[in-house]
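Line by line, the protein sequences give chains A and B.
Mapped onto full-length UniProt numbering, the consecutive letters of the first sequence carry residue numbers 1 to 331.
Mapped onto full-length UniProt numbering, the consecutive letters of the second sequence carry residue numbers 1 to 331.
Simulated from the structure, these hints should not be mistaken for lab results.
Honestly, I wouldn't trust all of these hints.
Copies of the same chain look alike in the list, so a pair counts if it works inside one copy or between any two.
[Stated by the list, open to error] Derived SDA-like pairs (lysine to any residue); straight-line CA-CA distance at most 20 Å: (1) LYS269 <-> TYR59; (2) LYS269 <-> THR138; (3) LYS39 <-> TYR85; (4) LYS269 <-> ILE237; (5) LYS330 <-> LEU23; (6) LYS144 <-> ARG50.
Number of protein chains: 2
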Amino acid sequence: MKNKKLVLAARPNPAISTEIFRLEEKQLSSLSDGQLLIKNHYLSVDPAMRGWVTDMPNYIPPVEIGTVMRSFAVGEVVESKHSDYAVGDFVYGLFGWQEFAVSDGFDVERKVNPDDGPLSINLHVLGMTGATAWFGLTEIGDPKHGETVVVSTAAGAVGSMVGQIAKARGCRTVGITGSDEKAVRCLNEFGYDAVLNYKTATDLAGDLTKACPDGVDVYFDNVSGPITDAVMNQFNIGARMTVCGVIGISPEHVNGPRVSRTMLVKRAKMQGFLIFDHMHRLSEAVAGLLPLYKAGKLSFSEEIFEGLSSAPRGLESLLAGTNQGKVIVKL
Amino acid sequence: MKNKKLVLAARPNPAISTEIFRLEEKQLSSLSDGQLLIKNHYLSVDPAMRGWVTDMPNYIPPVEIGTVMRSFAVGEVVESKHSDYAVGDFVYGLFGWQEFAVSDGFDVERKVNPDDGPLSINLHVLGMTGATAWFGLTEIGDPKHGETVVVSTAAGAVGSMVGQIAKARGCRTVGITGSDEKAVRCLNEFGYDAVLNYKTATDLAGDLTKACPDGVDVYFDNVSGPITDAVMNQFNIGARMTVCGVIGISPEHVNGPRVSRTMLVKRAKMQGFLIFDHMHRLSEAVAGLLPLYKAGKLSFSEEIFEGLSSAPRGLESLLAGTNQGKVIVKL
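Chain A on its own, in the form it takes in the complex:
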């Protein structure tokens, strides 16, 4: 049986383009004891790939030139010499941009139940995106019923999940986003109680005060920078803040108000968060997210690219920001 795969052909120079990947076709060798063969159904396309294809040290080693592109995927076990996996099992893990993956089980994050919903949701709602929102909000932010939760990049993949989980927990949810179109989605689709467009706001601090009449208890931050300064000024005593992204810190703008005094006066907590630290607990996140999904409380968007060879275009679209929702490749 033959396997088609996308290998990393070159490092970005400087930008990522479809040219840095190469399609290869190779004969699959037969399985050894302890291995399983996975037929991928859906491949994931993620912003983190920007880091994986460079040779800069990261929380995870770079993808080597000439090897299959690293990616999360959902697949079906089609052959097994591994006692934990049977033919017909569905699995989620780092199976790469390829049609088939030979695995020893270590790269399987969890078994997937196909009755939970479309297989593709295991790449976002019940995958990395969902788990990031789930653990970052529930373990660090720990929102209580009636508290106010503010989310930056409120319409994004992670932010929109955070807003919906917080809403389902009975919180007042306030989103911060960068376009009127996204603001409308925040209100109508993701159920935020209030939304601010930071790009058109002339008085962000004043708008935040109005949107958060009881102050801010939890802040799920994907941006840092001046938006975060404004939110921190509205903190209640004992506020909690999840630092999930820092895209608002541009090289020209690395300085800003010191936060220590706010942290002290408000006895607030701040904690950096990386989902890879929590992947071994993915099933806990799924156990929390699945009831919300089944109850129709988790809205999301997918943009599906068809066929293995479309994956690099999917990544290009994601990095250019022209995608509509979670980018997925269907095989």
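Starting from the known structure of chain A, fit chain B onto it as the hints suggest.
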């Protein structure tokens, strides 16, 4: 029976001087049911008093003009119509700068065992200072055996306690202080493994790297500002930081590097800390501190002023920084 007390006669204008207090003598009225009469033995003099005597809103209301100056004290119950307290009990609480205090029990923080050591230690090692160090370090910093704990204002009342508690827990302790004299005390008296004088350091970052060969796991911060920036650059993944004071943020220097990226990359935690939130759990701190004190593992200094009328001079000395250790008034 007559009671002598120091009342607040005026607000600071602008500095605190001995003139803002006035000594008064008044007849004590007899106790009502539910009250107890406390004879103060030792009065506390604390930096927090700077805030209490102004009329600016704080975490605690200002001391009213004409009323007794608020202060922690250790005293003896000399008369009681309160079922929880008997004559001869020793108590710690907010009894004020006066010889006798009439209490309804609400201002008693805890009963004191005179066999634990000199009564005065209940004003610092087993009082607010100790509890600040204890909860701030153990609950927020949560240091594990073998970890590296960095303390700013390492020779100060709180900092020196933090260093010693961390040392007793088997940590490598690194102190940052502002004079060679204090640096010597840090090493010889408070048992720090390494100490840095930030005022004479020409390369604080380099010195920190040498002093913390395994990075920084816990940072107990009493200063904020550039010192804190340098320490944060040495954070290990999962570092914890207690924000206990921000004296390093001067009005001319409110800007500094944004901390969010450090917090994210290191998945570090930062939390503001105010001891008044934890006063109802003071006995827990004492339970932790007492064995250390009895084992001779808690070094401290006291500067005793004799007589009630010396309290304002004690405060002046403390605010001028000419004191040697914890300032206490002995009655």
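Against the structure, the hints come out as follows:
Proximity of LYS269 to TYR59 under the C-alpha cut-off of 20 Å is restricted to the inter-copy arrangement: shortest distance 18 Å between copies versus 24 Å within a copy. In this homomeric assembly, LYS269 and THR138 come within 20 Å of each other (Cα to Cα) both inside a single copy, at 14 Å, and across copies, at 15 Å. Within a single copy, LYS39 and TYR85 get their C-alpha atoms as close as 13 Å, which meets the 20 Å cut-off; across copies the closest is 76 Å, which misses it. For the identical chains of this complex, LYS269 and ILE237 are neighbours both inside a copy (10 Å) and across copies (17 Å), given an alpha-carbon limit of 20 Å.
Proximity of LYS330 and LEU23 under a CA criterion of 20 Å is satisfied intra-copy only: 16 Å inside one chain copy versus 84 Å between copies. Taking CA atoms no more than 20 Å apart as the test, LYS144 paired with ARG50 passes in neither setting, with 36 Å inside one copy and 36 Å between copies.
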